[in-house]
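S.K.: Going line by line, the protein sequences match chains C and H.
Numbering of the first sequence is given in this note's numbering, commencing with residue 1 and proceeding in unit increments.
Numbering of the second sequence is given in this note's numbering, commencing with residue 1 and proceeding in unit increments.
Certain hints may be false.
Stated by the list, open to error - Example chain C residues on the side facing chain H (calculated, C-beta under 8 Å, incomplete):
#1 18
#2 21
#3 22
#4 59
#5 106
#6 168
Everything labelled a hint here was simulated from the structure, so no lab data went into it.
Think of the CB as a built atom: it goes at the ideal place given N, C-alpha and C, for glycine as much as any other residue.
Here are the chains, one letter per residue:
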Amino acid sequence: MSTLHFDYLDRLEAEAIHILREVAGQFERPALLFSGGKDSIVLTRLAEKAFRPGRFPFPLVHVDTGHNFPEVLAYRDELAAYLGEKLIVRRVEDTIRRQHLREPGGKFPSRNPLQTYTLLETIEEFGFDACIGGARRDEEKARAKERIFSVRDEFGQWDPRRQRPELWNIYNGRIQKGENVRVFPISNWTELDVWRYIQRENIALPSIYFGHPRTCVVLPSGQLLGLNEHLRLDATDLIVERQVRFRTVGDSTCTAAVESDAATIDDIIEDLLQAKVSERGATRLDDNISEAGMEDRKRNGYF
Amino acid sequence: MDLLRFITCGSVDDGKSTLIGRLLYDSDSVSLDVLAALENRPSVHGTVDLALLTDGLRAEREQGITIDVAYKYFTTPRRKFIITDAPGHVQYTRNMVTGASTADLAIVLVDARQGVVEQTRRHSLIASLVGIRHFVLAVNKMDLVGNDQAVFDQIVADYAALADQLRLPHITAIPLSALLGDNVVTRSKNLSWYSGPSLLEHLETVPAFAEAAIADPRFQVQYVIRPQTNDYPDYRGYAGRIQSGQYRRGDRVHILPGGRESVIEAIEVNQREVETAAAPQAVVIRLRDDIDISRGDSLVPAGSPASVTRELEATVCWMDERPLWPGRKLLVQHHSALVKAVVSAIVYKVNVRTYGRTTADSAQLNDIVGVRLKTAVPLVVDSYQQNRATGAFILVDELSGDTLAAGLVGAVQNSFAPEALVYTS
């Protein structure tokens with residue numbers, strides 16, 4: 001009877017669109033957390049598919065660490081303009097000032113832990129009841145156990161022991177005052193799925209995802225970190241010129257580059273198929289602190 | 001390349017996590033840094049403890065058990081797989097139901113030394129209840145019984161009796177050792193008397209997604225798109241996912257539960273008009289007539305009627321710590337429809353060991369009971385046996401918003417429970 005065939009990307013896409021529309025149907029004031037990274041870029045493409053020719057039923061929200069790659073900020077503004085959707089930017093810098101927080105120390109002063117404060121402030125400022133994010137379950141073991149609709153208390157805390165059972169594709173977004181929900185439409189996608197989708201949809205990305213020459217610091221682990229003004233280097237640090245690309249675009253003080261000549265999305269996928277190191281393992285300095293690092297940060301309101 | 005979702009279920013210590021670890025490891029789905037993290041931690045076997053690949057949360061590592069449903073992913077050249085790892089202990093049955101609800105296939109893991117145990121019966125019941133059609137009886141730890149074929153055959157025979165009671169449609173039994181990797185990805189010489197496929201070979205070839213495509217057409221509105229712009233002044237599109245079957249432009253549809261009729265003017269996928277769309281596509285449907293339609297309404301073709309009812313007979317898996325008593329008011333969430341309801345009666349309780357039924361006046365955490373529900377407004381349902389999408393609902397606490405139960409619509413007119421539940425006593 002059926003002549004229609006759907007491959008796994010079609011199915012993942014349909015699932016994600018369904019989830020986005022459930023957010024639109026269930027919440028008063030949702031928001032899409034946009035980092036400028038490939039996962040949140042994919043979310044905007046999925047939102048176009050879910051809501052056009054209408055407007056998105058949510059603004060894009062960027063929590064700006066102040067440690068961004070300039071290429072990513074430029075991309076963010078271009079994309080928001082192209083989409084014609086509202087972009088809200090809130091700065092970690094301002095939160096630090098308002099709440100008298102201590103700036104991170106050390107040679108690589110990541111503001112990742114401080115993002116949580118700004119995010120919670122922003123949620124409160126706009127009364128967001130649902131925040132859509134591009135987290136994937138394949139990224140990390142704590143994420144592998146999180147629901148697609150993840151209820152947080154007013155402190156943004158995730159309690160893995162009290163998660164609601166999530167049955168079939170029925171998403172329960174009913175919350176009490178003060179609570180909000182984090183929603184992860186691409187939970188079931190892997191890094192490779194995201195890239196194959198970007199390839200199939202021909203989605204433009206910030207240039208730092210592709211191989212480019214960059215001045216880097218060589219870390220004791222052998223990882224490469226793009227040189228930038230936030231790093232506090234000393235004479236012992238080894239500075240090199242390398243052809244690199246980034247697999248994720250987080251805080252530039254803790255997001256490592258990988259050596260790569262990949263010039264196109266096809267090249268990147270080829271790279272990935274060869275790669276033997278996970279995305280977070282290759283590129284995040286801050287998860288290595290403790291094995292339960294992500295679990296602790298999630299419990300405390302981090303994405 | 002297509003997609004298969006499967007669940008692994010078994011008792012504590014049956015080696016589920018090791019089996020999943022083995023599948024990931026032998027299919028090259030584990031990256032070096034993740035392995036390095038494992039190697040830094042003590043292992044009972046002296047080698048890398050593959051079970052640690054799935055035991056994610058700290059409390060789980062401390063207790064050496066799996067608390068919550070975990071999802072894992074791997075891809076072979078033939079398929080993408082989504083694995084749901086459901087915990088084995090008795091008190092976490094709700095997680096098993098959660099995990100099984102989205103699965104196409106269940107791997108029922110049995111320890112070759114223990115054979116079919118009470119948990120095996122419970123897990124098989126739950127998997128069959130939520131409509132899983134494909135079962136793998138994975139007889140693990142064959143190395144610990146000297147790879148003895150007689151042991152395997154006895155377990156297969158014991159399971160056949162259980163499968164018969166549950167009327168499980170498709171069962172494949174595979175002897176294996178997750179620890180040694182025998183018959184997990186590659187067939188093993190240690191079990192040369194077994195001529196069937198390895199576990200992975202079976203997972204790569206078992207048919208997936210048969211039911212949704214051939215079921216009656218069902219579509220529920222999630223969201224109404226009304227741009228009200230100069231370009232689209234009068235556009236009104238009904239956004240939703242085709243839950244089952246196919247829709248065609250020109251189809252005459254009933255708008256349920258209201259009952260009015262219209263004709264599909266256009267079906268849009270990503271803003272392009274298509275002639276036909278099918279489950280599980282996310283689409284926008286426009287109708288010829290201007291009718292007031294809102295979220296939760298269903299568009300059902302004239303030729304394949306659904307049941308529109310305020311009285312539901314259903315099987316419910318109760319997931320809340322506070323028991324359910326008749327008279328309880330709560331919410332029914334039927335996908336995008338959310339309605340008030342009352343549990344008017346608890347009709348029976350299923351004995352998960354014998355599969356028989358007993359009378360019950362309440363439902364406790366992890367109980368599976370038959371109930372009657374009365375809803376404030378009609379729902380558009382099918383029996384779960386006929387349609388895994390429109391036959392499913394959840395029960396929600398009106399105040400806390402907590403999910404209280406998984407519900408499966410029983411026969412919509414005459415007989416009561418899903419066919420799989422048969423009397424044995």
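S.K.: Out of the numbered hints, which ones does the structure contradict?
M.R.: Of the numbered hints, 4 and 5 do not hold.
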